[in-house]
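K.L.:
The lines below spell out each chain.
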Amino acid sequence: DAKTTQPTSMDCAEGRAANLPCNHSTISGNEYVYWYRQIHSQGPQYIIHGLKNNETNEMASLIITEDRKSSTLILPHATLRDTAVYYCIVRVNTGGFKTIFGAGTRLFVKA
Amino acid sequence: NAGVTQTPKFQVLKTGQSMTLQCAQDMNHEYMSWYRQDPGMGLRLIHYSVGAGITDQGEVPNGYNVSRSTTEDFPLRLLSAAPSQTSVYFCASSPLSPETQYFGPGTRLLVL
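Listed in order, the protein sequences are those of chains A and B. For the first sequence, the working numbering assigns the number 42 to the initial residue and increments by one for each residue that follows. For the second sequence, the working numbering assigns the number 484 to the initial residue and increments by one for each residue that follows.
Any given hint could be a false lead.
Think about it this way: if two alpha-carbon atoms lie no more than 20 Å apart in a straight line, the pair counts; the simulated SDA-like pairs of lysine to any residue are [to be verified]:
id, chain 1, residue 1, chain 2, residue 2
1, A, Lys-44, B, Lys-492
2, A, Lys-44, B, Val-495
3, A, Lys-44, B, Gly-541
4, B, Lys-492, B, Gln-568
5, A, Lys-44, A, Pro-62
6, B, Lys-492, A, Ser-82
7, A, Lys-44, B, Thr-490
8, B, Lys-492, A, Gln-86
9, A, Lys-44, B, Gln-540
10, A, Lys-44, B, Met-524
11, A, Lys-44, B, Pro-566
12, A, Lys-44, B, Thr-583
13, A, Lys-44, B, Arg-527
14, B, Lys-492, B, Pro-566
15, A, Lys-93, B, Thr-583
16, B, Lys-492, A, Pro-62
17, B, Lys-492, A, His-118
18, B, Lys-492, A, His-81
19, A, Lys-44, B, Gly-525
For the record, the hints were derived by calculation from the structure and aren't laboratory data.
With the hints as extra help, turn the sequences into a complete structure.
P.N.:
Okay, here's the thing in structure tokens:
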């Protein structure tokens, strides 16, 4: 599975959009981009995933560059409860895979 | 559905003791895995399983054993606990071609 690079930490004002970048320059053609987050000491929570096209759900939007070497997770209106560690993961979407988490980005949403 | 459950929530062990961390899921997921998370660090994969009777090693398997006799259960065994195994342990499950992994609430283990 490809390796990802994320900033260690970021700040965001409450109510503003939070844009979290992820670099995955060695991504393969069959690897998906997944985002999870971990709030305090809870288990990680799935947010969104995509292959080539931009994706949106009730939690966030995922923007993947045309060359697929980087992506951005967008939380459109960040709240204090979005303060968490956000993990960007790339992996194939077939059986037998193993999901490897990196260090992630610690997002602080400030009032 | 209860989702992914883990027991115990917290455990204190002495060096050299053995114990089993329990993980169960009621979603009929084929894939299950164990992670450990040290303070201020990301998750590291210990072992994983793609179905009953099939297990494989992750990034940090040393000191841990697993077995998968049923689809529902995936216990993690520490044969001889060491202080370096003090950590929070998370179990996760998903279908084999998942859109998401579901994580349990974690087991906090302290080895003295």
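K.L.:
Could you run down the list of hints and mark each one as holding or not?
P.N.:
Going through the hints against the structure:
For the proposed pair Lys-44 (chain A) and Lys-492 (chain B), the alpha carbon gap of about 32 Å is over 20 Å, so the pair is violated. As the CA atoms of Lys-44 (chain A) and Val-495 (chain B) are separated by approximately 35 Å, the hinted pair breaks the 20 Å bound. Restraint check for Lys-44 (chain A) and Gly-541 (chain B): satisfied, since their Cα atoms lie roughly 16 Å apart, inside the 20 Å limit. A hinted pair counts as satisfied when its Cα atoms are at most 20 Å apart, and Lys-492 (chain B) with Gln-568 (chain B) qualifies at roughly 16 Å.
Our distance criterion of 20 Å between C-alpha atoms is met by Lys-44 (chain A) and Pro-62 (chain A), whose separation comes to about 14 Å. With a C-alpha separation of about 12 Å, the suggested pairing of Lys-492 (chain B) with Ser-82 (chain A) holds against the 20 Å cut-off. With a CA separation close to 32 Å, the supplied pair Lys-44 (chain A) and Thr-490 (chain B) exceeds the 20 Å bound. The suggested pairing of Lys-492 (chain B) with Gln-86 (chain A) holds, with an alpha-carbon distance near 19 Å, which does not exceed 20 Å.
For the proposed pair Lys-44 (chain A) and Gln-540 (chain B), the alpha carbon gap of about 19 Å is at most 20 Å, so the pair holds. Distance hint between Lys-44 (chain A) and Met-524 (chain B) is fulfilled; the C-alpha atoms sit about 17 Å from each other, no more than 20 Å. Straight-line distance between C-alpha atoms of Lys-44 (chain A) and Pro-566 (chain B) comes to about 30 Å, which puts the hinted pair past the 20 Å bound. With a CA separation close to 19 Å, the supplied pair Lys-44 (chain A) and Thr-583 (chain B) stays within the 20 Å bound.
Taking the CA atoms of Lys-44 (chain A) and Arg-527 (chain B), the gap is about 14 Å. The hint holds against a cut of 20 Å. As the CA atoms of Lys-492 (chain B) and Pro-566 (chain B) are separated by approximately 18 Å, the hinted pair is consistent with the 20 Å bound. For the suggested pair Lys-93 (chain A) and Thr-583 (chain B), the alpha carbons sit about 18 Å apart, so the restraint of at most 20 Å is met. At roughly 34 Å between alpha-carbon atoms, Lys-492 (chain B) and Pro-62 (chain A) are farther apart than 20 Å, so this suggested pair is violated.
Between the alpha carbons of Lys-492 (chain B) and His-118 (chain A) the distance comes to roughly 34 Å, so the proposed pair goes past 20 Å and is violated. At roughly 16 Å between alpha-carbon atoms, Lys-492 (chain B) and His-81 (chain A) fall within 20 Å of each other, so this suggested pair holds. About 14 Å separates the Cα atoms of Lys-44 (chain A) and Gly-525 (chain B), which keeps this hinted pair within 20 Å; it holds.
When each numbered hint is compared with the structure, violations occur for hints 1, 2, 7, 11, 16 and 17.
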